[in-house]
Every structure is written in C-alpha cells, then in structure tokens.
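Q: Modelling step: build the complete structure from the supplied sequences, incorporating the hints.
Residues 1 to 194 in our numbering are what the sequence shown lists, from first letter to last.
No lab work stands behind these hints: they were computed from the structure.
Backbone N, C-alpha and C define an ideal beta-carbon position, used for all residues, glycine too.
Check the hints yourself; a few may be wrong.
Result set (EDC-like, lysine to aspartate or glutamate): computed pairs, CA atoms no more than 20 Å apart in a straight line [as the list claims (entries may be wrong)]:
hint, residue 1, residue 2
1, K181, D142
2, K60, D75
3, K60, E162
4, K60, E74
5, K177, D187
6, K98, D52
7, K181, D76
8, K98, D75
9, K60, E21
10, K98, D69
11, K177, D142
12, K60, D76
Between beta-carbon pairs, the in silico distance windows are [unchecked claim]:
hint, residue 1, residue 2, range
13, T179, R92, 44 to 50 Å
14, I96, G161, 37 to 43 Å
15, W28, N115, 18 to 24 Å
16, S33, R191, 23 to 29 Å
17, K177, D99, 46 to 52 Å
18, E184, P150, 26 to 32 Å
19, P9, K181, 18 to 24 Å
20, K177, A132, 18 to 24 Å
21, G16, S82, 24 to 30 Å
22, E15, R182, 15 to 21 Å
23, H27, G161, 36 to 42 Å
24, P9, N51, 21 to 27 Å
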Amino acid sequence: MDANYTVHPSAIVDEGAQIGEGSRVWHWAHICSGARIGRACSFGQNVFVGNDVIIGDNVKVQNNVSVYDAVTLEDDVFCGPSMVFTNVYNPRSAVIRKDDYRRTLVRRGATLGANSTIVCGVTVGEYAFVGAGAVVNHDVPDYALMVGVPARQIGWMSQHGERLNLPLNGNAETACKQTGKRYELRDGLCRLVG
Numbered sequence: 001m002d003a004n005y006t007v008h009p010s011a012i013v014d015e016g017a018q019i020g021e022g023s024r025v026w027h028w029a030h031i032c033s034g035a036r037i038g039r040a041c042s043f044g045q046n047v048f049v050g051n052d053v054i055i056g057d058n059v060k061v062q063n064n065v066s067v068y069d070a071v072t073l074e075d076d077v078f079c080g081p082s083m084v085f086t087n088v089y090n091p092r093s094a095v096i097r098k099d100d101y102r103r104t105l106v107r108r109g110a111t112l113g114a115n116s117t118i119v120c121g122v123t124v125g126e127y128a129f130v131g132a133g134a135v136v137n138h139d140v141p142d143y144a145l146m147v148g149v150p151a152r153q154i155g156w157m158s159q160h161g162e163r164l165n166l167p168l169n170g171n172a173e174t175a176c177k178q179t180g181k182r183y184e185l186r187d188g189l190c191r192l193v194g
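A: Structure representation (structure tokens):
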C-alpha cells in the first residue's frame with residue numbers, strides 16, 4: 001500500500017485505483033480498480049466506489065454510501081450518511097442496461113444531506129445544499145437549497161453553508177452572516193461577488 005494515504009485493514013482497495021495523498025479509507029469500504037480519487041478525501045464505513053468514478057480533493061463520503069459508475073464529485077463535496085446515487089434511470093433485473101448509464105456531476109462544494117437520493121443524469125451546482133431525505137431528479141443551480149420529494153428549491157446557501165437572505169427569484173444582494181462575503185441574485189442565478 002502507498003504510504004501517502006491510509007486504508008483500514010478491513011477495507012479493500014483494488015489494484016489500479018488511484019488515491020491521492022492524505023486520503024483515508026475506513027472500515028469495510030471497497031474502492032474499485034478504475035476509481036480516481038484526489039487528495040485529503042475520507043471514505044467512511046461501508047462505502048463503495050465504482051470503476052468509472054472521479055472524485056476531487058477534500059471530498060467527504062460518509063458511512064453507507066455507494067458512488068456508482070458514471071458519477072463525478074468535484075472538490076470539497078460532502079456526501080452525507082446513507083445518501084444514494086443511481087446510474088440507470090429505468091432499471092430492471094432482467095434487462096442489461098450498462099450501456100445506458102446516465103452521468104451525474106456534483107460540482108465543487110456541494111452538500112448532499114443524509115439519506116438524500118440523486119437520480120442519475122443530473123448536475124448538482126456549485127455549493128448547492130440538498131437537504132436530508134430529498135430526492136433530486138433535475139439539475140440544481142449553484143448555491144440552491146433543495147428539500148423534499150421530489151426536491152424543490154426553497155432558498156440559497158453561502159459557501160460557508162449558511163442560508164442567504166435572498167428571494168427565490170428577482171434581483172437582490174446580501175452577505176453571509178458568518179463570513180461577510182457578498183452574494184448577488186440576478187435573473188434567477190446566485191453568485192459570489194466579493
């Protein structure tokens with residue numbers, strides 16, 4: 001094993017998996033041979049990472065999460081306990097659909113809450129926040145706060161993870177109460193402005 005990352009003795013890391021410096025793979029996890037994982041990541045108990053998976057730096061994957069083929073997690077993504085990814089939209093046990101995987105992209109800094117489900121083929125925007133138990137079945141804008149089944153947007157979140165005082169639509173500006181960083185809402189899109 002490479003001394004630049006830590007693997008618990010009960011975990012399985014298949015030969016060929018690429019794991020960055022400072023990453024940690026905990027109890028009963030399985031990292032497949034084609035996985036590409038960045039620096040300073042953490043994979044909790046009973047995590048599975050498939051072959052066709054790309055994971056950036058400083059990603060936290062909590063207990064009981066399976067990151068299946070066709071999923072990309074950019075830097076600083078948080079996957080809460082027991083959240084779910086899918087990769088086939090209409091699975092049937094008797095029908096082989098490995099050529100029909102839909103790609104899922106979770107952008108930098110996004111949070112996927114405990115027990116949430118990300119239906120394949122969507123993009124979750126930068127610093128978006130998916131609440132616990134939500135079911136995401138369409139693209140999520142940057143900084144959006146999503147809750148419910150199916151998930152619906154109820155607000156906006158800062159990079160720090162604080163709810164922003166912005167309307168869902170229109171034009172407005174506000175600051176994160178924790179950091180003082182300023183955010184702007186224009187034409188339905190939220191962005192950091194300073």
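Q: Evaluate each hint against the coordinates.
A: Going through the hints against the structure:
1. K181 <-> D142: 16 Å, holds
2. K60 <-> D75: 10 Å, holds
3. K60 <-> E162: 19 Å, holds
4. K60 <-> E74: Measuring from Cα to Cα gives roughly 11 Å; hence the hint holds.
5. K177 <-> D187: 23 Å, violated
6. K98 <-> D52: Distance ~12 Å between K98 and D52 Cα, so the pair holds.
7. K181 <-> D76: The given pair, whose Cα atoms are some 18 Å apart, holds under the 20 Å limit.
8. K98 <-> D75: At roughly 27 Å apart (the allowed maximum being 20 Å), D75 and K98 break the hint.
9. K60 <-> E21: The given pair, whose Cα atoms are some 14 Å apart, holds under the 20 Å limit.
10. K98 <-> D69: The hint holds at about 9 Å.
11. K177 <-> D142: Distance ~19 Å between K177 and D142 Cα, so the pair holds.
12. K60 <-> D76: This hinted pair holds, its Cα atoms lying about 7 Å apart.
13. T179 <-> R92: 44 to 50 Å: 48 Å, holds
14. I96 <-> G161: 37 to 43 Å: The hint (37 to 43 Å, Cβ to Cβ) holds, given that I96 and G161 are roughly 41 Å apart.
15. W28 <-> N115: 18 to 24 Å: Between W28 and N115, where Cβ atoms are some 20 Å apart, the hint holds.
16. S33 <-> R191: 23 to 29 Å: For S33 and R191 the Cβ distance comes to about 39 Å; the hint is violated.
17. K177 <-> D99: 46 to 52 Å: Hint holds: Cβ distance 48 Å, inside 46 to 52 Å.
18. E184 <-> P150: 26 to 32 Å: Holds - the Cβ-Cβ distance for E184 and P150, about 28 Å, lies within 26 to 32 Å.
19. P9 <-> K181: 18 to 24 Å: Since P9 and K181 have Cβ atoms about 43 Å apart, the given range 18 to 24 Å is violated.
20. K177 <-> A132: 18 to 24 Å: 22 Å, holds
21. G16 <-> S82: 24 to 30 Å: Since the Cβ atoms of G16 and S82 sit about 28 Å apart, the hinted range of 24 to 30 Å holds.
22. E15 <-> R182: 15 to 21 Å: 48 Å, violated
23. H27 <-> G161: 36 to 42 Å: Between H27 and G161, where Cβ atoms are some 27 Å apart, the hint is violated.
24. P9 <-> N51: 21 to 27 Å: 23 Å, holds
The structure is inconsistent with the numbered hints 5, 8, 16, 19, 22 and 23, although it conforms to all the rest.
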